[in-house]
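K.L.:
These are the residues of each chain, in order.
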Amino acid sequence: MGNISTKPVYLEDKLAEIKSDGKLEYRSKALPTWCPGCGYFSISEGVTSALNNLAIKPKDTVVVSGIGCSSRFPFFVNTYGFHTLHGRTLPVATGVKTANDDLTVIAVGGDGDGFAIGGGHLSHVARRNVNITYILFDNGIYGLTKGQTSPTSSLGFTTSTTPYENHDRPLNPLMMMLSFGSSWVGQGYAGDPGHLGEMIEQAIAHRGFSYLHILSPCVTFDKTDKTYGNLNMQVKPIPDDHDSSDLMAAIAMAQNVHKPPLGLYYKEDRPTLADGLDEITQQSGGGKNVVTAKAAE
Amino acid sequence: MVQPKHHVIIGSGITGTQAAITLRERDPKSRITIITMSTLLFYNRYDLPDVFRGRTDWQSFLVYPPSFYEELNIKLRRGSRVVNVDSTRKEITLGHKETIRYDTLLVSSGGRGYLPEELVDFRSLMHNFATFEAAMNVKKILPENGKVIMLGGDMLGLDLARNLIQCGYTVTVITGEHTFWPHTVEGNERKTFMKALESMKVETFDGDKAEGIASIEEGKKGKPARKIIFKDDTVLEGDVVMPFFGLAPAVEFMIGSDADIERGLLVNPELRTTNEHIFAAGDVCQIWDKKDKSYKFFYGWKNVRAMGEVAAKNMTGDNTAFVTTQDEKLRLDKKGQINSPFWEYD
Amino acid sequence: MKNTDIQISICGSAGDGTIAAGDILKRALAKGGFKVIAFDVYPPEIRGFGKCISRVRVTTEQVYSLKHHSDVLVSLDDSHAIPHVGEVRDSGAVIYEDTPISGVLEGSHISAHISPGQIPYGLPVREISEKETSGNRSRNIVALGYLAGLIGMEPEIFHETIADKFRGKAIKITDMNVAAFDKGYALGQKTFKLDDVTVGKAKKSRNKDATITMMNGNAAVVQGCMDAHIKTFFGYPITPATTIMEKLATEMPKVGGRLLQTEDEISAIAATIGAGYAGSRCATATSGPGLALMAEMLGLGVVAELPSVIFVSQRGGPSTGLPTKTEQSDLNLAVYGRGGDGQIIVLAPTNVEGCYKCAGKAFEMAEQYQTPVIVLLDLYLSNRFETVELPKQSPFTKTSNKAAKKKDLEGGYKRYAFTKDLASPRALPGQENGMHTITGLEHNELGRPSDQPRMHEDMSAKRHNKLLAALSHHDITIEKRFGDEGDVDVGILGWGSNFGECLEAMFKAREEGIRCSAMKVVMLSPLPLGPINDFMDASGEVFVPELNYEGQFANLIQGATARSVHSYTRVPGSPMRVEDMLVEIRRLAKIKKAKKIGKTKKAKKKAA
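Chains as they are written, first to last, in numbering that gives the first Met the number 0: chain A, 0 to 296; chain B, 0 to 345; chain C, 0 to 607.
Hints were generated in silico from the structure; no laboratory data involved. A couple of the hints might just be wrong.
[Said to hold, decoys possible] Restraint-style ranges between C-beta atoms, simulated for each label pair:
id, chain 1, residue 1, chain 2, residue 2, range
1, C, Lys594, B, Met135, 52 to 58 Å
2, A, Asp101, C, Asp579, 27 to 33 Å
3, C, Asn331, A, Phe179, 33 to 39 Å
4, B, Asp345, C, Glu578, 35 to 41 Å
5, C, Ser459, A, Gly228, 29 to 35 Å
6, C, Tyr335, A, Gly36, 43 to 49 Å
Glycine included, each C-beta is placed from N, C-alpha and C at the ideal position.
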C-alpha cells in the first residue's frame, strides 16, 4: 500500500534520520521478540513517535501491559514499564495513575487479555474516565500460546481449540467501549502505520480515558481471516462528515465490522477520575491533593 | 399423653413454699410455679430483727439455697404481681401482662400490715418491717441508740421491740386495741402484760388516753426525725415510727374470681375456696369452724405451714381437714417477761 | 479497693437501640477511666427483627477477652434475650421490661426464665420512655440509666456520652435522652440491690505522650493507616473489612489521600500494587473470599518485589461461609496462598492496640522489604472495642522506600541488584535515568526476563531471605511470652484475636497451680523460629488453641519446627470458651506430671 519510493535508501542516511528525530530515546535496548511481519512493530513505532512528538519524557511515561504477545511491549520501549498479569492491565494502570497524576500511563494489550480474562475491568475504567490510554492490539487470536480462539475471532474460524470451527459470536469492542462511556474511542490499522501513529498521538493527548482499537494481523497463526491481504481490502477511512461528538453516530459506525472505518469515532471532554478525587478532597475540607506531590519523592 | 398438672401457688412464704414441697412429693411429674412479688427467695421473716445484730447479708436469711428450687423443679416467678384471676378460664394474669394457666391454684399471699384509716395519710412518714428490704431500710436510718415509736404493738412488733432493746435502742409502744394482736388480752390480764412490757424496758404510752393520734410530722433539724402529735396535744418524738396493727389479708387480686371473700378468702376445712380449683392457705384465708359456725383466721408459723401442707394434699386428690395445733395463749416466762407461742418457729 | 471486672450484655431486636446503648455504655466507662473490651453480635439481615447483643466487659486493667458469663443482662426484647439468660452468673442481675405493650403467653416473658440464683429487676421501661420522650424510642437509654444507677456508675460521664452520641441532632433530642437516662438512673439508685455487681474506682493513666481512647480493631487499623500517612487505598466492600474502607473514605481525603472503590478485589489489589509501583503508600482491605481472588496478584507483588499492604479480616468460611461470624481459618491462605514460592510477610495482631501498630508497621515493612504485607485480623478483632493508648506523635516513618541513588542509576540501572540486605534500590516512575520494566516473569538483575536455572535459584533465595530482616524490624512485637518464666507444665502458643482467651486461660490455670505461660506469635510469616523453639523447649506440653477446624497454626508450627504440639480447634463462629481451654490445659498438665513421675521412677530404678 502507499507509494513505493523509487529512490535508493542508504543505511547511514536512515540511521542519521532516525537519531535526529529523537525517537530512538524511546526505544529499549531489547529487541522485540515478535514474529517478522507482525503488526505490532508498527504499533511500537507509532507509540514511540507519538511520545516524541508530544514531548513526553521517557521518565514520565509508564507502559502497563498484561500477558500475551502485545503485552511484551513494555520491554521494547525505554520508559518505565510494568508487565503485569493476564487481564489486569487496566486496574494496575489505574493504580499507577491514581498514585501520580504527572505520569503518562499507557496500557497496552491484546484482544484476549482485554476482552476475555480482563473484560470485567473495561467498563469501570471507561466510566471512571481514568486519564490513561488503552491501546488494544486486536489480532483475533491467542498468539503467545500458539493460536487459540479469542473473543474477537470470527465465526467459523478454525483454531487449535476450535478445531471444527468457532461458534461463539465475536464481541464488538468498539461498540462496547462506546457504550461503557469511554471519552475517546478510535480505530487504527497496523497496515497503515502513518495513520496509526496519528491516532496514537491523539489518543495519548486526550485528557481522559482513550481507547484505541488496532486491527493487527497475526502473520503466524492466522493465514485466512484477519490477514493484511483481507484487511487491506476491508478498511476504509471514516467519512469526513462524521461528527465525533455524536455518540449514537459512533455506535452506528461501530456496527460496520466487515468494512471497519479507521479514525476517531468519539471524543468527549468530561472530568477524569483524578478530577473527581480532587473534588472529594475539597468536599472533605482537606487541602489540595498531596498524593501526586509526594509520590515521586 | 396426659399433660402434667400445673399447680400454681401465689406467695412464696412458708405456706406457699411448704405447699410446693408437699406437691412435689405427691405429684412428681407436675409443673409447680410459685409467683411472688418478692425478688428474694423464701426467707424467714422471724429472723429479720437480726439485721440489728449485724446480719445484713440477704443470702444468710434464705431458708433454701437457689439449687433447692432447681432440684425440686419448682419454677419461681419473682418480682411478679398477680393482677387478676380468671377462674372460668383457669388463668391468672401478672402485672407484666403475662397469662399463666393453672389446673389448681393455691392462694397463699399472706397478710400485709393493717393501717387504720386515720393514719393512711401519714404512710410516707412511717416505716414497716414486713420485708428484708424494709428491715434493712429501718436499720439504715435508725441512729445508734435511737428511739423507735411503735404504733399498735402487735406481737410481730413486740418481737421486734424486745430485739431492738437488746440491741441498745429504745422503744415506745403507743398502745391501743391492737396491742398483743392476735392474742385477745383483756381486763386484768392486760394490766399484767402491760407491766411485763415495762419490765422488758418497753416504754408504753396509752394512745387511747391521749385521744388518739392527730398527726405525724417530720421533726425539726437537730431533733429526732419524727414527732407524733396526739389529739390531747401531747407530743412524742422518735427517730422512726413503725405501725404494728396486725395483718390484713392480701386478696385484692382475687376480687372478680368466683372465690368468696369476707376479709380473707373463705375456705372450708379442706382449704378449698368456693371455686373447686382454687385453694387458700395461711394468713390470707378464713377457715370454716364447724363448732363456732364462723370463718376464722388461724395465725402462727406452725398453723400456716400446716395449712400449706394440707392444701397441697387436697390439691392432689386428698381430703384432709386442717386442724389447728397452735397454742394461742399469751404467757409470761419465768423471768416475768412476755412470751408468745406465735414467736416460736423451727 | 477491689479491682473492677464486670461484664454487661444488652440484648434486643434490630431497631431497639441495643448496639447504641452498648456503645454509650462502653464509651462512658472508657471516659470514666475504666478499661473496656466490647463485642457486638448483630444479624446479617439489614431489615427485620434480628437479634442484636452488645457485650461490654469493664475492668481496672485492660483484658483482651470477654467472660463466658456476664454479670448483668439487659433485655430490650425478651424473645431474643431469653436464650441468653443462662449467660448470667449466680447473683448476677437480669434487667427487663415490666410493662410490655401487649399481653404475652406464659413463658414469653423473660422473668419466666430467670433462675433462682439470679436477681430479677423488672422496671417500666416503656412507660418511663414514653413519659420522657413522648415515644418509646429511648427505651434503651432508660434501661441504661437504670443499670448505671443500680450498679453505681457516675451519671455525668453518661450525660456527656449521650450528648456526643446525638451531636449534630436537635438539642431537644439530647435533652430528652438525658432526661430518660436520669429517670432510669434514679429508679436504679432507689432499687434495693441484691446482686453483688459493683464498679470500683477507675485508674487514671499517667502517660502524657499518649491519648486514651476506645476503638475497635478496624478503627485502629484506620488510625494506623492515617498515622502512617497512607496515600492511596483501593478496596471492594466485604464483611467484616468494609468499615476499614468506609472510615478511610472519610478520613483520607481530609489529608489529600485518595480512595477508590474498585469493581472487584482483583482490581483492588491490582491498583494497590500499581500505586505501590508508582511509589505511593497504599493498601487494600478484604476478607477470605476477596483474598482468594487476590492470590495471583500477590504473587506478582512477590516476584516484582513491590510494596502493598493488605488488611484481611477473616470470617467463617469456606466460600461465603459465615459472613457475620468470626473464625481464624484464612491463615493458610494468608501464609501460603500464592502460586509458586510466594512468601510474604503476614502480621496477625492479637488486640486492638496491636491492630494500630501492625497497620502502621506493615507500610514500613512493605516498603523496606519490597513485598506485600498481610495484616490478618478477624471479625472478632475487627469489631471488638478496647480501650487503647495511642501515641500522640506518629511512631511510623513517612516512607521506608529504599530509593535508587545516582550511583545506582549510572551504567545501567539494576532494579533487582543483589545487595547486602537483599532489598534492591528502587527507582520510581518519574525519576530520571531509572527507566526499567518490571515483570511477573522470572528476571535477571536488570529486570529482563530470564529463565536461567541459576538466576531462578538466586532470585528465589533473594526474595525469601530478604524477609528475614523483618523479624528484627524496629519497634514492633514479633512474638511475646507471658505468665510463668522458666520451665512450665503447659505452654500456650496462640495467635490473633484468640490470644486474649489464651491469656485468660493461662491466668486461670496458674491460679489452679499449673505452671503455665502463653506466647503470642504476631508475625506468622516469616516465623520467629528461635523464640518459638525456645518456648517449646521450656514447655512440658505445647497447647495450640485456634478458631479453625484444621489446626492451621498448629500445622504451620509443626511443619516449621518438626515438633509436635497439642492442637485444639473450635469453629463456633464466636470467641473460644476459656472454660473449655482450661479443661484441656488441666489434662495436659496431668500428662506432664505423669511423664515427670515416669522419669523419676525410671531414674530411681536406674539408681537402684
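K.L.:
Find the hints from earlier in the document that the structure breaks and name them by number, from lowest to highest.
P.N.:
The structure breaks hints 2 and 5; every other hint is satisfied.
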